[in-house]
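Trainee: Protein chains in written order, with full-length UniProt numbering: chain A, 1 to 346; chain B, 1 to 346; chain C, 1 to 346; chain D, 1 to 346.
Simulated from the structure, these hints should not be mistaken for laboratory data. What you are looking at is a predicted structure, and each value in this text was computed from that prediction instead of being measured. Accuracy of the hints is not assured; some may be wrong.
Note: identical chains are not told apart, hence a pair may lie in one copy or across any two.
To be verified - Heads up, simulated SDA-like pairs for lysine to any residue below, C-alpha to C-alpha not over 20 Å straight-line:
hint, residue 1, residue 2
1, K92, T109
2, K119, P77
3, K108, R302
4, K298, T172
5, K251, V228
6, K30, H118
7, K189, S36
8, K112, Y204
9, K3, L333
Protein chains: 4
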Amino acid sequence: MIKAGIIGATGYAGAEIVRLLMGHPEAEIKWYGSRSYIDQRYADIYRNMFQIVEDVCKDDNLDKLAEEVDVIFTATPQGFCASVINEEILSKVKVIDLSADFRIKDVKTYEKWYGIEHKSPEYIKEAVYGLCEINREDIKKARLVANPGCYTTCSILSLYPLVKEGLIDPATIIIDAKSGTSGAGRGAKLDNLFCEVNENMKAYGVATHRHTPEIEEQLGYAAGEEIVLNFTPHLVPMNRGILVTAYVSLKEKVSYETVKAVYDKYYEKEKFVRVLDKDVCPQTKWVEGSNYVDVNFKIDERTGRVIVMGALDNLVKGAAGQAVQNMNLVFGLEESTGLDLVPMFP
Amino acid sequence: MIKAGIIGATGYAGAEIVRLLMGHPEAEIKWYGSRSYIDQRYADIYRNMFQIVEDVCKDDNLDKLAEEVDVIFTATPQGFCASVINEEILSKVKVIDLSADFRIKDVKTYEKWYGIEHKSPEYIKEAVYGLCEINREDIKKARLVANPGCYTTCSILSLYPLVKEGLIDPATIIIDAKSGTSGAGRGAKLDNLFCEVNENMKAYGVATHRHTPEIEEQLGYAAGEEIVLNFTPHLVPMNRGILVTAYVSLKEKVSYETVKAVYDKYYEKEKFVRVLDKDVCPQTKWVEGSNYVDVNFKIDERTGRVIVMGALDNLVKGAAGQAVQNMNLVFGLEESTGLDLVPMFP
Amino acid sequence: MIKAGIIGATGYAGAEIVRLLMGHPEAEIKWYGSRSYIDQRYADIYRNMFQIVEDVCKDDNLDKLAEEVDVIFTATPQGFCASVINEEILSKVKVIDLSADFRIKDVKTYEKWYGIEHKSPEYIKEAVYGLCEINREDIKKARLVANPGCYTTCSILSLYPLVKEGLIDPATIIIDAKSGTSGAGRGAKLDNLFCEVNENMKAYGVATHRHTPEIEEQLGYAAGEEIVLNFTPHLVPMNRGILVTAYVSLKEKVSYETVKAVYDKYYEKEKFVRVLDKDVCPQTKWVEGSNYVDVNFKIDERTGRVIVMGALDNLVKGAAGQAVQNMNLVFGLEESTGLDLVPMFP
Amino acid sequence: MIKAGIIGATGYAGAEIVRLLMGHPEAEIKWYGSRSYIDQRYADIYRNMFQIVEDVCKDDNLDKLAEEVDVIFTATPQGFCASVINEEILSKVKVIDLSADFRIKDVKTYEKWYGIEHKSPEYIKEAVYGLCEINREDIKKARLVANPGCYTTCSILSLYPLVKEGLIDPATIIIDAKSGTSGAGRGAKLDNLFCEVNENMKAYGVATHRHTPEIEEQLGYAAGEEIVLNFTPHLVPMNRGILVTAYVSLKEKVSYETVKAVYDKYYEKEKFVRVLDKDVCPQTKWVEGSNYVDVNFKIDERTGRVIVMGALDNLVKGAAGQAVQNMNLVFGLEESTGLDLVPMFP
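Required output: the full structure, derived from the provided sequences and hints.
Mentor: Written out as structure tokens, the structure reads:
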């Protein structure tokens with residue numbers, strides 16, 4: 001059994017790791033780390049866990065935790081993991097960081113977009129970007145995995161085959177993304193109150209959202225050139241789910257079959273990426289609670305653009321599910337262990 | 001492996017049986033029966049099942065189906081099961097009927113409340129009321145299980161200890177129940193449109209809802225006397241979840257501890273019934289996607305009443321989950337097999 | 001033109017007074033009082049008011065405000081109005097208090113349920129309970145109006161005719177109420193986050209909610225005797241709307257026509273109380289945005305109880321609308337001035 | 001008083017015309033036309049109108065109706081208005097058609113996108129496209145007004161100043177639009193059931209939605225050249241509201257102030273178009289129930305694009321409100337008569 005510790009176990013992403021590991025046959029949670037709820041019973045904070053989790057919350061001391069577990073998940077605000085990580089920890093345990101601290105290779109880009117100083121730039125190079133479908137082999141050997149962002153996972157997996165195969169002009173990429181509200185976290189903020197979100201919709205972080213450089217960097221690797229793109233997130237009145245609608249210009253006219261073949265090339269053997277049938281648009285509800293990403297595309301011959309769509313559950317494939325998938329890879333388990341989650345509908 | 005057939009597999013309750021059996025280690029689905037979607041791919045009707053279920057829908061012929069499976073779930077409108085059931089079927093397979101056809105022992109009561117003639121009254125006596133926590137031993141020996149209604153499961157389990165132990169006056173029972181909209185089924189009706197339900201709430205079936213006699217009968221057995229009660233369902237703008245708030249008068253003053261002990265007596269060893277801590281009110285979200293019923297009570301010394309609360313997921317413990325629990329009992333499996341579902345929050 | 005000042009103009013109830021007075025032909029707002037947003041532009045806090053309200057927020061100094069306006073609305077937390085009210089203020093302006101400070105005539109009851117000391121018990125007697133349909137004549141002469149609570153308005157108006165006419169046994173009154181989330185206010189609390197409320201339902205304040213003694217007192221006046229009852233509020237995932245379902249035992253058997261006549265006696269001429277047609281259950285959406293209360297009842301001959309239902313918009317008839325209705329009465333205007341709001345559906 | 005008749009009064013858009021005209025001081029409804037509910041009381045179909053509207057529904061005979069009213073609103077499916085309109089009707093009454101029948105000047109384009117034959121092409125030229133802020137003077141003289149679509153109103157008003165002033169390259173226009181569910185109408189369709197829409201999001205009509213040629217034509221007039229663009233609508237789990245996020249490439253670098261000045265040039269005097277403050281993103285809730293369109297833009301210097309955002313209530317400015325605004329223009333009334341609707345929040 002893999003012994004797991006979770007720092008930030010009382011946030012929504014951390015709580016989702018708990019949910020998933022409860023059903024994982026090869027892992028058990030040894031440490032529910034929290035800053036706000038130390039010594040409180042975990043099931044008093046997430047009452048869905050009543051009679052399922054009996055533990056109380058502990059602190060967020062990574063050094064101590066590294067003595068007791070095999071893997072640490074840090075589901076913490078930006079800057080935390082970078083500020084505490086060290087060689088001793090990494091020599092003892094695997095670390096899967098759900099924050100952005102080690103996602104971006106260029107520390108200047110990180111510091112510009114996040115507005116904070118990076119406290120452990122020496123580990124950036126070593127850290128592996130944990131997008132399992134793309135970086136599988138590197139992840140297997142990693143000590144430190146940078147778990148991708150929710151928007152980024154959906155955006156990159158939706159666009160990857162087109163970019164990688166050079167079918168589209170990377171300068172034309174526009175990503176319009178919509179997210180449920182759990183992505184905003186469990187902080188008690190006015191903007192996230194029920195009455196402010198319900199029956200409402202808005203864009204936010206326009207031209208400034210921090211997932212932009214992450215998407216640009218990863219798609220840039222696929223393209224073999226630097227990419228600058230537009231990414232606009234929106235808040236939608238639902239708990240879970242991200243929907244990405246991306247617009248890209250084709251370099252030259254191609255048929256549906258050609259593009260479909262390109263998607264199949266990359267995803268046919270991927271359990272968690274489902275390329276939908278022709279003309280079926282992804283819906284967030286079809287993946288809710290599961291680790292799937294549903295993707296599809298539509299060629300608009302009038303404009304020469306492809307409209308690419310992707311849907312995932314931001315707390316699963318967009319966070320905790322991918323983190324567990326990374327854990328499975330790192331520990332040599334079958335990649336989908338504990339992740340055979342059938343989407344819940346309705 | 002238990003071979004299962006589902007009639008009505010394209011309704012919400014039927015689809016939930018599919019979801020649950022996908023994760024059941026001892027059962028496999030051999031027949032997706034449907035009236036409306038014969039020969040269509042199941043995953044085209046429930047696209048969450050894309051690449052998970054490859055089968056196409058078949059018809060609803062129970063005689064034929066009885067040749068091919070070990071257990072038949074009928075998730076069908078009232079009257080269907082009673083109109084097709086026969087000795088040959090029951091001699092070959094176990095039948096778990098999710099409709100009301102065999103729930104009510106008095107055929108006149110059934111016919112009065114449901115307004116249809118019962119086509120197989122000869123099987124009413126044999127049928128076992130499938131409320132697992134109450135009728136466990138009988139269910140194990142049953143050929144025909146009448147799976148309880150969603151409201152009734154929640155109402156009965158919430159009140160059972162108080163009624164059984166004679167702490168309350170059965171003539172005072174008032175049940176105010178609230179349900180998410182999936183309980184109304186997948187029929188394309190004006191009343192169930194998003195814009196009619198969203199941001200709205202109403203009572204319906206006031207003093208006439210068909211779950212009333214079912215609750216009365218079952219609680220009557222517990223009380224050892226006939227019970228007449230008020231049951232009022234309400235429609236709430238959410239997909240899943242039933243919340244019951246029941247009001248009953250105590251026969252005499254009792255302490256919290258006494259009542260708590262009574263609940264513990266019946267439920268301490270029940271995996272799927274969670275008696276919450278003092279003063280914690282059940283919430284539907286804490287059981288969503290799982291087979292749990294959360295119950296609690298509050299004594300109001302001013303009025304001499306107990307307010308009893310219960311919450312469950314109407315599609316799981318209120319329908320498909322309980323049906324699978326019944327299947328497990330009937331086939332001698334560990335009762336919770338395939339039902340280790342951790343509630344999803346948020 | 002009546003000059004109005006609002007203290008607590010940045011809460012949801014205060015903001016609704018703003019919305020209503022914007023459409024009131026005889027009143028204008030001179031003071032947007034706030035504790036948290038002093039000197040900020042009101043339309044920056046409620047951006048629906050952009051280019052409609054140009055004012056900035058001022059403080060909550062009632063003495064100063066009394067110099068500048070004709071009427072003061074206090075949409076403030078419990079205790080505020082009682083702590084600042086004085087004879088000089090009341091000699092200059094009318095005060096309509098939306099808090100509970102002056103609703104309950106027995107100061108001990110107030111202090112017990114609210115857990116705070118009443119700072120101005122000397123005005124309790126003078127204050128008029130502002131339930132317009134019941135206390136119209138007294139309100140017209142009032143200096144200080146205690147605007148009723150949202151749950152109480154709905155509960156009392158639903159039950160009043162039955163209690164007043166002595167058709168029911170007051171000892172049997174049970175009120176099960178359900179409310180949208182705006183009733184919880186605009187405070188940034190974890191419990192009111194979108195993801196905690198959405199797809200969820202719960203009872204709260206069971207046997208302890210502060211609207212209980214208010215309902216008991218007012219219905220007690222109607223009954224001519226002291227009443228002790230059960231009141232249970234529930235939180236529902238919608239912005240606006242309260243639905244009350246009340247259960248009462250009839251003293252003796254009566255016909256639908258008799259009860260209907262009793263309701264008509266009290267409400268036929270009331271513009272804002274709509275007694276629905278037989279068997280039509282009130283829905284919160286049918287009154288949303290308006291000052292209506294929809295009520296109806298169903299006699300259950302099996303149990304001898306009447307199930308009474310009422311629906312209103314908690315921010316309008318349950319708060320701001322009734323406050324404006326009170327203002328109209330106090331200033332001798334036609335009672336419905338500025339309140340001709342057609343419910344918005346869907 | 002203007003006498004108005006509504007054909008399709010029992011759809012959501014028709015019902016919203018009813019709501020608005022109830023508060024209009026210069027108009028009264030004489031005819032509630034419906035195909036499905038003839039001879040039924042209107043308030044039985046929309047119970048929010050109980051005791052407000054006493055009329056029963058009549059048929060949809062325009063010839064007859066033209067004898068009795070001054071203006072006819074046709075809130076009907078595509079093809080209806082074109083199939084019944086004639087010279088005699090137009091000689092007697094003004095017609096405001098909320099369908100697409102007369103919106104598109106090129107009949108071939110109409111027939112291609114709508115897949116039906118146009119039955120009255122002879123009136124296409126005469127019909128005035130009823131986007132009040134753009135075509136005000138022509139509308140005043142019109143007999144037949146083609147009321148714009150909901151998506152189109154939001155899209156065009158958001159982009160108009162940029163296109164008209166030639167700041168952007170029209171070939172780069174991409175419009176990503178999101179709509180609440182009332183836009184799908186009141187038909188009892190599976191796709192619009194609460195459980196299918198709630199907690200869900202999807203794109204639909206990708207590259208084929210019928211509002212595309214309407215937007216292209218109107219923006220083409222502004223640009224003085226033919227425009228081909230991408231328009232992608234999405235369904236969001238809320239009742240009302242459209243949010244448009246559009247992406248366009250600047251011809252050359254411009255400052256915020258320059259673009260702001262361009263928006264102010266066109267909208268400063270427009271009551272119903274609110275250009276928000278810098279960096280404030282439109283939210284659908286801020287315009288709910290009102291006739292406002294909120295617009296704003298953000299220049300992304302990294303990509304050279306402008307992201308333009310617009311929000312409106314699809315049933316008001318996107319349908320009924322604009323129809324009433326058109327009526328006001330046609331009849332020489334102050335344009336905002338009856339439309340002083342303050343947005344409802346929350």
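Trainee: Each hint needs a verdict: does it hold in this structure or not?
Mentor: Each hint tested on the structure:
Taking the shortest alpha-carbon separations for K92 and T109, neither the intra-copy value of 30 Å nor the inter-copy value of 62 Å comes in at or below 20 Å. For a Cα distance limit of 20 Å, the shortest separation of K119 from P77 inside one copy, 14 Å, qualifies, whereas the shortest one across copies, 45 Å, does not. When the C-alpha separation of K108 and R302 is checked against a cutoff of 20 Å, the pair qualifies only between copies, where the shortest distance is 16 Å, while the shortest distance within a copy is 41 Å. Proximity of K298 and T172 under a CA criterion of 20 Å is satisfied in both settings, with 16 Å inside one chain copy and 18 Å between copies.
With identical chains, the CA atoms of K251 and V228 are at most 20 Å apart both within one copy (17 Å) and between copies (18 Å). Taking the closest pair of Cα atoms, K30 and H118 never come within 20 Å of each other, the shortest separation being 29 Å inside a single copy and 51 Å across copies. For the homomeric pair K189 and S36, the shortest alpha-carbon distances inside one copy (16 Å) and between copies (15 Å) are both at most 20 Å. Only within a single protomer do K112 and Y204 lie at most 20 Å apart by alpha-carbon distance; the minimum there is 18 Å, versus 37 Å between protomers.
Taking identical chains as interchangeable, the C-alpha atoms of K3 and L333 lie at most 20 Å apart only when both belong to the same chain, with a minimum of 14 Å there against 30 Å between chains.
Figure legend: structure checked against the earlier numbered hints; hints not met, in rising order: 1, 6.
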